[in-house]
Amino acid sequence: MASAGSAESAAGKSAAGESAAGKSAAGESAAGKGVGAAVGKREGGASAAGAFEPRVVAFACNWCSYPAADAAGINKMQYPPNARIIRVMCAGRIHPAFVLKALELGADGVLVSGCHFADCHYLFGAKRASEQFEKTAKLVHLLGLEPERVRFEMISAAEAPKFVRVMHEFVDDLRKLGPTPLDGAEQGELEVPGAVGDEHT
Amino acid sequence: MATSELDLLKELGDAIRESRARFCYECGKCTGVCPVARYDNGFSPRSLLVRAVRGEGERLVDDVNVWSCLTCKLCDTRCPAGIDYGILTKAVRAVVRREGGEGTCTHGGAVQSLTKIMTARKLKQDRLEWVDGSMKTKKSGDTVFFVGCAPYFEVLFEETGASPLDAARGAVRLLNAAGVTPVLLPNERCCGHDLLWNGDVENFRMLARQNLAMLEESGAKRVIVACPEGYATLRNDYPAHFGELPFEVIHLTEFLAEAIEGGELEFGGAAEETVVTYQDPCRLGRHMGIYDAPRRVIEALPGVTLVEMPRSRERGICCGVGGFQNCTSFSKMIQAARLREAKATGADALVTACPKCEIHLGCALSDPALSDELGLRIVDVAVLAASRLA
Chain A
175 MASAGSAESA AGKSAAGESA AGKSAAGESA AGKGVGAAVG KREGGASAAG
225 AFEPRVVAFA CNWCSYPAAD AAGINKMQYP PNARIIRVMC AGRIHPAFVL
275 KALELGADGV LVSGCHFADC HYLFGAKRAS EQFEKTAKLV HLLGLEPERV
325 RFEMISAAEA PKFVRVMHEF VDDLRKLGPT PLDGAEQGEL EVPGAVGDEH
375 T
Chain B
733 MATSELDLLK ELGDAIRESR ARFCYECGKC TGVCPVARYD NGFSPRSLLV
783 RAVRGEGERL VDDVNVWSCL TCKLCDTRCP AGIDYGILTK AVRAVVRREG
833 GEGTCTHGGA VQSLTKIMTA RKLKQDRLEW VDGSMKTKKS GDTVFFVGCA
883 PYFEVLFEET GASPLDAARG AVRLLNAAGV TPVLLPNERC CGHDLLWNGD
933 VENFRMLARQ NLAMLEESGA KRVIVACPEG YATLRNDYPA HFGELPFEVI
983 HLTEFLAEAI EGGELEFGGA AEETVVTYQD PCRLGRHMGI YDAPRRVIEA
1033 LPGVTLVEMP RSRERGICCG VGGFQNCTSF SKMIQAARLR EAKATGADAL
1083 VTACPKCEIH LGCALSDPAL SDELGLRIVD VAVLAASRLA
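Residue numbers (this note's numbering), protein chains in the order written: chain A, 175 to 375; chain B, 733 to 1122.
Heads up, a few of these hints could be off.
Stated by the list, open to error - Have a look at the derived ranges for each label pair, beta carbon to beta carbon: (1) 1098(B) to 304(A): 19 to 29 Å; (2) 745(B) to 343(A): 51 to 61 Å; (3) 1099(B) to 295(A): 22 to 32 Å; (4) 322(A) to 860(B): 16 to 26 Å; (5) 290(A) to 971(B): 51 to 61 Å; (6) 994(B) to 291(A): 26 to 36 Å; (7) 874(B) to 343(A): 46 to 56 Å; (8) 913(B) to 291(A): 39 to 49 Å; (9) 874(B) to 295(A): 54 to 64 Å.
What the hints assert, rightly or not - Coverage of chain A stretches by chain B, computed from C-beta distances (three or more under 8 Å per stretch; other residues unrestricted): (10) 268-277; (11) 313-325.
Said to hold, decoys possible - Straight-line alpha carbon distances no greater than 27 Å define the calculated DSSO-like cross-link-like pairs of lysine-lysine that follow: (12) 953(B) to 868(B); (13) 856(B) to 870(B); (14) 309(A) to 854(B); (15) 309(A) to 953(B); (16) 312(A) to 953(B); (17) 1075(B) to 1064(B); (18) 856(B) to 953(B); (19) 312(A) to 301(A); (20) 761(B) to 953(B); (21) 761(B) to 870(B); (22) 822(B) to 805(B); (23) 1075(B) to 312(A); (24) 350(A) to 309(A); (25) 805(B) to 761(B); (26) 854(B) to 871(B); (27) 854(B) to 312(A); (28) 856(B) to 871(B); (29) 301(A) to 336(A); (30) 870(B) to 854(B); (31) 336(A) to 250(A); (32) 742(B) to 870(B); (33) 1075(B) to 805(B); (34) 336(A) to 309(A); (35) 312(A) to 868(B); (36) 350(A) to 336(A); (37) 856(B) to 350(A); (38) 312(A) to 761(B); (39) 742(B) to 805(B); (40) 854(B) to 350(A).
Don't read these hints as lab results, they were simulated from the structure.
Computed from a predicted structure; not experimentally measured.
Ideal Cβ positions, reconstructed from N, Cα and C, are used throughout, including at glycine.
Using the sequences and the hints given, assemble the complete structure.
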């Protein structure tokens, strides 16, 4: 995480301290090149002596889930600071491409959170979001990633406690899974030993 | 780090030599025949070539036209100087990408992300669930069927009506019927075609190395590929980058045509009569020179009559998008014109041998106005052939 310390103090709690499982991130390559600000760099845990801190990208809709996260903050509810929240107008806009991009860049988990079906500001958006996510989940399955790495939730603006619970659950799940196998996918550093033609490289 | 114009020129030097670009005498036939230039006044293959040769590398970085080319090689068939535009485009894009230039990815970049994710060594895909009990496959052996990206395309492009997995199933059934039990690689990577043609040579090589390692491990003597892009990449680009391959690469239709003519594959049953026309995929046709094999397969099918479009074989028109980037209104115009041309032959269905033709033309056809007007089906050659198995 790029700024584990400050993010933790912002949420008022050391998420690293409660890490039970999780593989050491120290020695893992930093998912540096081309990584968007949302995914950040894994720098081996400055505050947590090598404990694995999942990096989460959370897409939250402008009308429900983002206000829920906001309300959680205003009420000083505690939740793990591992997520970079990206506010979008509608979770229905979250094409599988966005989730895949986050995974490609080294996110350990991606949360897509929108409105309940009946609550959608655009009426059709929540339905669209769940359809899009169905595709995303299928692609993640094909890639052989654990299904728990991507999560779809419906959180209304009044459900700050639910947002907090989801964050806890998601980060705990990811801690159990360990770091993404895709860390560094784009870095050009992966070599296949004994592959044909390596000598031509 | 930005390189100087001189460096760019130097890097392009080999490609310019190899493509014979200096022989260009600016007749403009390439632009005249180009399916993109027909609709897009701003695009001119000739002008791009001339600028590349002049070493205007830095100015090409911001030029969207670098990415407009479909790399369909139609211009190559007309060039009186025998220039290989594909070689030049590939090299220009690699240089421009390194300088920060990029095409606009279609579908939000989903395909590009998938292919880059597949470079990860630790990835253990779960991509063979489409194989059911009716198909015979094995874990190691002489013949590998290289499936390609079909499982992913099946999910991403559901709305286009394309079913690349049906084509893969059809291919395995046809191979079985011809007495071949193919090996399917459980962790096969994308062949890297799109990355290579969009200038990302580094990631292409990572994918290629992993595929080559897996193919070698499988003990393959022969690799059958159904996707023309995969076929062209395995057959041309892998050896170009990694030396001679320890196995033979053939296209599914080549295998089928030989099996039919050798009496190993028979069709039968009382099938409904249908008239079809064939869309030559640019990779299979102009890139690899395979025009007859798919036609031999189609003509051998009972109840199927093949009629030709005016622009077929080496004159065939591309499906309008190359490498899942720069899909524009011009692409849609190319596709609509191609579909109308197919319909005008009197065919009920457009048969193609490429999943991307099926996806892109299927996408154009998902415009209700066009599909109502034409009432045309798009079907993969393997699906059509498998449906006529005895």
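- Query: Under the criterion that the straight-line Cα-Cα distance not exceed 27 Å, is the pair residue 309(A), residue 854(B) satisfied?
  - Reply: At roughly 23 Å apart (the allowed maximum being 27 Å), residue 854(B) and residue 309(A) satisfy the hint.
- Query: Hey, residue 805(B) versus residue 761(B), does the alpha-carbon distance stay inside 27 Å?
  - Reply: Measuring from Cα to Cα gives roughly 13 Å; hence the hint holds.
- Between residue 350(A) and residue 309(A), is the straight-line Cα distance small enough, at 27 Å or below? holds, 25 Å
- Query: Within a Cα-Cα threshold of 27 Å, do residue 312(A) and residue 761(B) meet the stated pairing?
  - Reply: Measuring from Cα to Cα gives roughly 46 Å; hence the hint is violated.
- 8 Å C-beta test of the segment 268-277 of chain A against chain B, three or more residues: holds (count 7)
- Message: Please verify whether residue 301(A) and residue 336(A) have alpha carbons no more than 27 Å apart.
- Response: holds, 20 Å
- Hey, residue 1075(B) versus residue 805(B), does the alpha-carbon distance stay inside 27 Å? holds, 24 Å
- Message: Holds or violated: residue 761(B) and residue 870(B), Cα atoms, limit 27 Å.
- Response: violated, 50 Å
- Message: Just to be careful, I want the Cα atoms of residue 1075(B) and residue 1064(B) compared with a cutoff of 27 Å; is the pair within it?
- Response: holds, 16 Å
- Query: Does residue 856(B) pair with residue 953(B) here, judged by a C-alpha cut-off of 27 Å?
  - Reply: Status holds; Cα separation ~24 Å.
- Is the Cα-Cα distance between residue 856(B) and residue 870(B) 27 Å or less? Answer holds: residue 856(B) to residue 870(B) is near 18 Å, not above 27 Å.
- Task: Starting from residue 854(B), check that the Cα of residue 312(A) is at most 27 Å away, please.
- Result: It holds: about 19 Å lies between the C-alpha atoms, which stays within 27 Å.
In the structure shown, a violation is registered for the earlier hints numbered 6, 15, 16, 20, 21, 23, 32 and 38, in ascending order.
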